[in-house]
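The whole structure should be built from the sequences, with the hints applied where relevant.
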Amino acid sequence: MEKTGKITLRKATLKDLDGIYNVEMRSFTMPWTREAFYNELVHNHFATYLVLVENEKVIGYCGVWVIVDEAHVTNLAVLPEYRGRKLGETLLKNVMAYAALNHAKTLSLEVRVSNIVARSLYRKLGFREGGIRKGYYTDNYEDAIVMWVNL
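Going by full-length UniProt numbering, the letters in the sequence shown line up with residues 1 to 151, in that order.
Hints in this document: simulated from the structure, not taken from any laboratory.
Hints are not guaranteed to be accurate.
Stated by the list, open to error - Computed cross-link-like contacts, BS3-like style, restricted to lysine-lysine with a CA-CA straight-line distance of at most 30 Å:
(1) Lys124 <-> Lys134
(2) Lys57 <-> Lys11
(3) Lys11 <-> Lys105
(4) Lys86 <-> Lys57
(5) Lys57 <-> Lys134
(6) Lys86 <-> Lys11
(7) Lys86 <-> Lys124
(8) Lys57 <-> Lys6
(9) Lys11 <-> Lys124
(10) Lys134 <-> Lys105
(11) Lys15 <-> Lys93
(12) Lys93 <-> Lys124
(13) Lys86 <-> Lys105
(14) Lys93 <-> Lys105
(15) Lys134 <-> Lys6
(16) Lys134 <-> Lys93
(17) Lys86 <-> Lys6
(18) Lys124 <-> Lys105
(19) Lys57 <-> Lys15
(20) Lys57 <-> Lys93
(21) Lys86 <-> Lys15
(22) Lys11 <-> Lys93
(23) Lys134 <-> Lys15
In structure tokens, the structure reads:
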């Protein structure tokens, strides 16, 4: 995959489970469970996760499901102290390339209405807003914007 100095981007393995879970816990108010990530890495054959690693420590990750000709970003997160370095952009660009290589024609995701930084990144990479999922986030019932891009 891609290297940026001491930071390496690669496909996640089960050995990355604790690192992915750590990033998740430090990034979201309603994090996925460790068991959910275990199931993604071991049992979900549609799922692929990419990780950014520095000195063997997972500092960011992005998950994607590719089903026939459609792909969906399940989650994208970077440790707070590594944000602002375009690492999320690096992850998403590589997930987009991975999805396209695996015959996906479109890639979709959901994003909080209030997450202006993420929405700006997604627009920069060609995503368009396609709809609203009312009350999607269970912590505060915030709406999600569904965004998609043609690959």
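We went through each hint and held it up to the structure:
As the CA atoms of Lys124 and Lys134 are separated by approximately 24 Å, the hinted pair is consistent with the 30 Å bound. For the hint pairing Lys57 with Lys11, the CA-to-CA distance comes to about 14 Å; that is within 30 Å, so the pair holds. Taking the CA atoms of Lys11 and Lys105, the gap is near 21 Å; set against the 30 Å cutoff, the hint holds. This hinted pair checks out: Lys86 and Lys57 have alpha carbons roughly 18 Å apart, not beyond 30 Å.
Proximity of Lys57 to Lys134 is assessed by CA-CA distance (about 36 Å); at most 30 Å being required, the pair is judged violated. Taking the CA atoms of Lys86 and Lys11, the gap is about 19 Å. The hint holds against a cut of 30 Å. About 12 Å separates the Cα atoms of Lys86 and Lys124, which keeps this hinted pair within 30 Å; it holds. Taking the CA atoms of Lys57 and Lys6, the gap is near 11 Å; set against the 30 Å cutoff, the hint holds.
Between Lys11 and Lys124, the direct Cα distance comes to roughly 24 Å. Compliance with the 30 Å bound is thereby established for this hinted pair. Under the criterion of a C-alpha separation no larger than 30 Å, the hint pairing Lys134 with Lys105 is consistent with the structure, at around 26 Å. For the suggested pair Lys15 and Lys93, the alpha carbons sit about 24 Å apart, so the restraint of at most 30 Å is met. Distance restraint check for Lys93 and Lys124: the Cα-Cα separation of roughly 11 Å lies within the 30 Å cut-off, and the hinted pair is therefore satisfied.
At most 30 Å may separate the alpha-carbon atoms for a hinted pair to count; Lys86 and Lys105 meet this at roughly 25 Å. A hinted pair counts as satisfied when its Cα atoms are at most 30 Å apart, and Lys93 with Lys105 qualifies at roughly 15 Å. Straight-line distance between C-alpha atoms of Lys134 and Lys6 comes to about 41 Å, which puts the hinted pair past the 30 Å bound. Annotation: proposed proximity of Lys134 to Lys93 holds, straight-line Cα distance about 28 Å (limit 30 Å).
Under the criterion of a C-alpha separation no larger than 30 Å, the hint pairing Lys86 with Lys6 is consistent with the structure, at around 15 Å. Simply put, Lys124 and Lys105 have alpha-carbon atoms about 19 Å apart, close enough for the 30 Å limit, and the pair holds. Note on Lys57 and Lys15: the hinted pairing holds, with a Cα-Cα distance of about 11 Å set against a maximum of 30 Å. Our distance criterion of 30 Å between C-alpha atoms is met by Lys57 and Lys93, whose separation comes to about 21 Å.
For the hint linking Lys86 to Lys15, the alpha-carbon distance of about 25 Å falls within 30 Å, and the restraint holds. In summary, the hint linking Lys11 to Lys93 is supported, as the alpha carbons are separated by about 14 Å, within the 30 Å threshold. For a cut-off of 30 Å, the pair hint linking Lys134 to Lys15 is broken: about 36 Å separates their Cα positions.
In summary, the numbered hints that this structure violates are 5, 15, 23.
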